[in-house]
Amino acid sequence: MTWHPLTWAFWAAVAAGILLYGIAAVRAMDVFLNWQPDCAEAHQLRREHGAEIASLLADGSFACFTAAAVLGLMGVAVGWHPVVPGAMCGTGVLQAMGSYGRQAMIFWGIGLAILAAWRVLDRLNRRHPEWAATRSAGRMLLTAAPFLLLAVYSSWQALMHAESVPAVSCCAAVYDRVLTSSGGPAYPIRIPTLSFWVHLIGGMVLMVLAIFEIRAAGRMPGAVTAAIAIVWSVGASAAVKHVWSAYYYQVLSHPCPWCLFLPDYHGAGFLIFGCMAVIVMKAVAVWSADSACRRHPQLAKAAHRRRHRSGWRITWALIGFTIAAAGPAIAWRLSTGAWMKDLF
Amino acid sequence: MEMKTGLECRSLDFAWPGKHKAARQVLTDVSTTFSPGTLSLITGETGAGKSTLLHLLAGLLRPTAGEVRADGRAVSRWPAYHRDRWRRRVGIVFQHLALVPDITAAENLLLALLPGSTSWSGMQAAIRRQLVDADLADLAQTPAGEMSGGQRQRLAVARAMVAAPRFILADEPTAFQDDAHAIGVIGQLRTAVEAGAAAVVCSQDPRLKSSPAVHQHYHLISGRLHPGPGHQDPP
Numbered sequence: 001m002t003w004h005p006l007t008w009a010f011w012a013a014v015a016a017g018i019l020l021y022g023i024a025a026v027r028a029m030d031v032f033l034n035w036q037p038d039c040a041e042a043h044q045l046r047r048e049h050g051a052e053i054a055s056l057l058a059d060g061s062f063a064c065f066t067a068a069a070v071l072g073l074m075g076v077a078v079g080w081h082p083v084v085p086g087a088m089c090g091t092g093v094l095q096a097m098g099s100y101g102r103q104a105m106i107f108w109g110i111g112l113a114i115l116a117a118w119r120v121l122d123r124l125n126r127r128h129p130e131w132a133a134t135r136s137a138g139r140m141l142l143t144a145a146p147f148l149l150l151a152v153y154s155s156w157q158a159l160m161h162a163e164s165v166p167a168v169s170c171c172a173a174v175y176d177r178v179l180t181s182s183g184g185p186a187y188p189i190r191i192p193t194l195s196f197w198v199h200l201i202g203g204m205v206l207m208v209l210a211i212f213e214i215r216a217a218g219r220m221p222g223a224v225t226a227a228i229a230i231v232w233s234v235g236a237s238a239a240v241k242h243v244w245s246a247y248y249y250q251v252l253s254h255p256c257p258w259c260l261f262l263p264d265y266h267g268a269g270f271l272i273f274g275c276m277a278v279i280v281m282k283a284v285a286v287w288s289a290d291s292a293c294r295r296h297p298q299l300a301k302a303a304h305r306r307r308h309r310s311g312w313r314i315t316w317a318l319i320g321f322t323i324a325a326a327g328p329a330i331a332w333r334l335s336t337g338a339w340m341k342d343l344f
Numbered sequence: 001m002e003m004k005t006g007l008e009c010r011s012l013d014f015a016w017p018g019k020h021k022a023a024r025q026v027l028t029d030v031s032t033t034f035s036p037g038t039l040s041l042i043t044g045e046t047g048a049g050k051s052t053l054l055h056l057l058a059g060l061l062r063p064t065a066g067e068v069r070a071d072g073r074a075v076s077r078w079p080a081y082h083r084d085r086w087r088r089r090v091g092i093v094f095q096h097l098a099l100v101p102d103i104t105a106a107e108n109l110l111l112a113l114l115p116g117s118t119s120w121s122g123m124q125a126a127i128r129r130q131l132v133d134a135d136l137a138d139l140a141q142t143p144a145g146e147m148s149g150g151q152r153q154r155l156a157v158a159r160a161m162v163a164a165p166r167f168i169l170a171d172e173p174t175a176f177q178d179d180a181h182a183i184g185v186i187g188q189l190r191t192a193v194e195a196g197a198a199a200v201v202c203s204q205d206p207r208l209k210s211s212p213a214v215h216q217h218y219h220l221i222s223g224r225l226h227p228g229p230g231h232q233d234p235p
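Top line first, the protein sequences correspond to chains A and B. Quick note on numbering: the working numbering labels position 242 of the first sequence as 242, and the sequence is numbered without any gaps. Quick note on numbering: the working numbering labels position 102 of the second sequence as 102, and the sequence is numbered without any gaps.
These are computed hints drawn from the structure, not numbers from a lab. A portion of the hints provided could be inaccurate.
Pairwise CB distance ranges (calculated) [what the hints assert, rightly or not]: (1) B:G116 <-> A:W8: 45 to 55 Å; (2) A:Q36 <-> B:Q141: 51 to 61 Å; (3) B:S148 <-> A:H43: 13 to 23 Å; (4) B:T46 <-> A:R295: 25 to 35 Å.
Listed below are the simulated SDA-like cross-link pairs for lysine to any residue, each with C-alpha atoms no more than 20 Å apart in a straight line [claimed, not checked]: (5) A:K301 <-> B:H82; (6) B:K209 <-> B:E194; (7) A:K301 <-> B:R85.
We put the CB at the ideal spot given by N, CA and C, even for glycine.
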């Protein structure tokens, strides 16, 4: 795996991201600790120049880290399984990576969500000539640091672990999960049913909130939208795995989200999970714009525009997710007259 | 704090970058106000920092300390994107003119109008008027690179004026002009000032020094700005 081109591309993007982020973070630290907007002394003017450069560098680092995360995801989903003995999809690759693989994915997700929130704040700040939210943006940028470091560390450990692991068994991992999640005493409510309802209700609430953002941005607290999107994404991931994927695979018991990324299923996983990522990121953008607007009223107009745009993107991503996830199930129902899984 | 209209320098310092003490101090503690409706002339020896001061006023350079305020807002501290937008309200005559040599005189003037929201007919009228004022009406279709030095300088002045800017910053605008055309350039500046613009001119030209059109005289010595002979308070 060490010599796989995706691994090299992943580390190249990570290295570029760390370099840019590191320089930006040093300047952001100076801004966070010493920002004095009412002073026009030489050190404050240097800091303002530094803040402008930090914003550009951090923008670049966000692009590099996003590219690294996408490359890592592609590696797990479709790139690395041929070089991991016994692996047939991402499940096998993650199995070979041990717990570090999942940790890396979680830390990348949190780190990128914080950087996405920083980017919204920074964009709003750039709309205002007098640096209204520069200190808040600096703090937000620095908040991402521990998660990004943990993401890089976990990624390194995961890839090293996968390098030396003996043969894995994808199917054993998948079917072990079927046995543990299908109604044993530890699971009084069945996970497929629970996840299905969480993502169905959550999706409808999200749609209403997105329409609110489009029609009357600023009326609802952004934190509510972000919290619901995060809960929805957890439910939706489980629902895709346990319910909707069956209609792609056309078998009842193969709860594997990673097979959806394979060419056999037209890489549907990229669309389904891509839409989910857009929804979560745009909900975080709504929260970030709302919080910026509360702290810096002079940014209100730009923040409302940003929330309005995020509302549209959440709506389109929800529609995309619904079509991609539930489309095959509806087609199945129309052609056979029955659902594959009875959840009601 | 009192808000002043026009261009205001507050404790402006500028040094060209260098390692520690190698940094070369050009301007020190420059504080003054260039009010709307006034034509200010800054004189000083070669290398005194006149052009640097104009570039600071135009937001093309960042001061190392202090600030430039335009109508009460600290534009020198704005991020580049906002300074670029603000600069649409500034007409600049560069010492080295900075015309585009391969396009015609009219097209050079058109470039200055494009960022604004003037209609096409409005642009044509403004260009025609400026070319007449600059005595370049016959050369509208001549590429700037084929003009003489004096004609190019008048074209640069016309380009600075064509968008009716609120602030006019001119570096040696009469240096290549004969007496008749120098009077013409001064007349153009006076007309703009009478329309409410704040104009700052850096020059060593005795014709400008002795011109009654100039309201404020300053002299730049050792990086400090002093009121010069014939200085009047802003109207």
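message: What's the verdict on B:K209 and B:E194, does the C-alpha distance respect the 20 Å limit or exceed it?
response: holds, 19 Å
Outcome of range test on Cβ distance (B:G116, A:W8; 45 to 55 Å): holds, 50 Å
field: Proposed proximity, B:H82 with A:K301 (alpha carbon, max 20 Å)
entry: holds, 17 Å
field: CB-CB spacing for A:H43 and B:S148 relative to the 13 to 23 Å hint
entry: violated, 48 Å
Cβ distance range 51 to 61 Å for A:Q36 and B:Q141, holds or violated: For B:Q141 against A:Q36, whose Cβ atoms are near 54 Å apart, the range 51 to 61 Å holds.
message: Against the range 25 to 35 Å, how does the distance between the Cβ atoms of B:T46 and A:R295 compare: consistent or not?
response: Hint violated: Cβ distance 50 Å, outside 25 to 35 Å.
- prompt: When you check the alpha-carbon spacing of A:K301 and B:R85, does it fall within 20 Å?
  reply: Measuring from Cα to Cα gives roughly 19 Å; hence the hint holds.
The structure fails hints 3 and 4 (numbered hints given earlier, in ascending order).
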